[in-house]
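A.B. asks: Assemble the complex: chain A is given as a structure, and chain B must be docked to it using the hints.
Residue numbers (this note's numbering), protein chains in the order written: chain A, 1481 to 1601; chain B, 1481 to 1601.
Accuracy of the hints is not assured; some may be wrong.
The list makes no distinction among identical chains, and a pair is therefore deemed to hold if it is satisfied within one copy or across any two copies.
What the hints assert, rightly or not - With a straight-line Cα cutoff of 20 Å, these simulated SDA-like cross-link-like pairs (lysine to any residue) come out: (1) K1575 <-> R1540; (2) K1575 <-> Y1555; (3) K1588 <-> D1578; (4) K1575 <-> K1588; (5) K1516 <-> H1558; (6) K1588 <-> D1557; (7) K1575 <-> A1509; (8) K1575 <-> N1553; (9) K1516 <-> I1590.
These are calculated hints, taken from the structure and not from any lab test. Small disclaimer: the values here were computed from a predicted structure and weren't measured.
There are 2 protein chains.
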Amino acid sequence: MTNASLIASRYIELWNERNPQRRRDLLSANWTSDAKYVDPLMQGDGHDGIDALVAGVQQRFPDFRFKLISEPNGYGDHVRFSWGLGPDGADAPIKGTDFAVVESGRIKSIAGFLDQVPAGA
Amino acid sequence: MTNASLIASRYIELWNERNPQRRRDLLSANWTSDAKYVDPLMQGDGHDGIDALVAGVQQRFPDFRFKLISEPNGYGDHVRFSWGLGPDGADAPIKGTDFAVVESGRIKSIAGFLDQVPAGA
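Extracted from the complex, chain A is given alone in its bound form (with noise of 0.2 Å):
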């Protein structure tokens, strides 16, 4: 049975991580290696490909950290969890969902939607 809560949360640390090989350490105890992730606006395949797009986020929103805002739930190898984005201390501009899978305790893929995005984002 996966964890729901501790797949959310590695998943969300490894977002708000801005240390190049403390990011790559996360990325190799928490994803498989052959990990895929997709949303609407982006996808990577691998450790290189996903610590890129977790880059290049980072870098659009400086100032913003991604935080859970829901109780995750799974059951079997699927995990879902919505999360937000957004300055500390205040309610989140971007929000959205994550799906998951789950191979040994560790993400497999992550299919992504937002559920919400400032206009003219």
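C.D. replies: Chain B in isolation, oriented as in the chain A frame:
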């Protein structure tokens, strides 16, 4: 680009179809032969497996129908939509959100999550 609304409405149509032959026709038309379905309560593979799940749910809830309760959305081969299951003309006591992966316009996999289940169900 996947037509999210079309995929979702075909999906709902299958779950509401009580005629076994028409259900098989819908599966052949709209689902890949190796399609997989999984949710927290059950799973099924291929047209036979999925048809058995649908028939079982219909038997358990003979007076209930599925309906869409949000605008389906999607991108690429990914679709998300929320549904309710309940009696005609009343608020649905059971609600969920399904995530579909589509291949050449047909559903290849569904991972379903439950959003609302009556206490004691």
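A.B. asks: Each of the hints needs a verdict: does it hold here or not?
C.D. replies: Hints and how they fare:
For the identical chains of this complex, K1575 and R1540 are intra-copy neighbours only, at 16 Å inside a copy versus 36 Å across copies, given an alpha-carbon limit of 20 Å. Proximity of K1575 to Y1555 under the C-alpha cut-off of 20 Å is restricted to the inter-copy arrangement: shortest distance 17 Å between copies versus 23 Å within a copy. When the C-alpha separation of K1588 and D1578 is checked against a cutoff of 20 Å, the pair qualifies both within a copy, at 13 Å, and between copies, at 19 Å. Taking identical chains as interchangeable, the C-alpha atoms of K1575 and K1588 are never at most 20 Å apart, the minima being 22 Å within one chain and 27 Å between chains.
Taking the shortest Cα distances, K1516 and H1558 sit within 20 Å of each other both inside one copy (15 Å) and across copies (13 Å). In this homomeric assembly, K1588 and D1557 come within 20 Å of each other (Cα to Cα) both inside a single copy, at 10 Å, and across copies, at 17 Å. Within a single copy, K1575 and A1509 get their C-alpha atoms no closer than 26 Å, and across copies no closer than 35 Å, so neither meets the 20 Å cut-off. Proximity of K1575 to N1553 under the C-alpha cut-off of 20 Å is found in both arrangements, the shortest distances being 17 Å within a copy and 15 Å between copies.
Taking CA atoms no more than 20 Å apart as the test, K1516 paired with I1590 passes in both settings, with 6 Å inside one copy and 18 Å between copies.
The structure fails to meet hints 4 and 7 from the earlier list, while all remaining hints are met.
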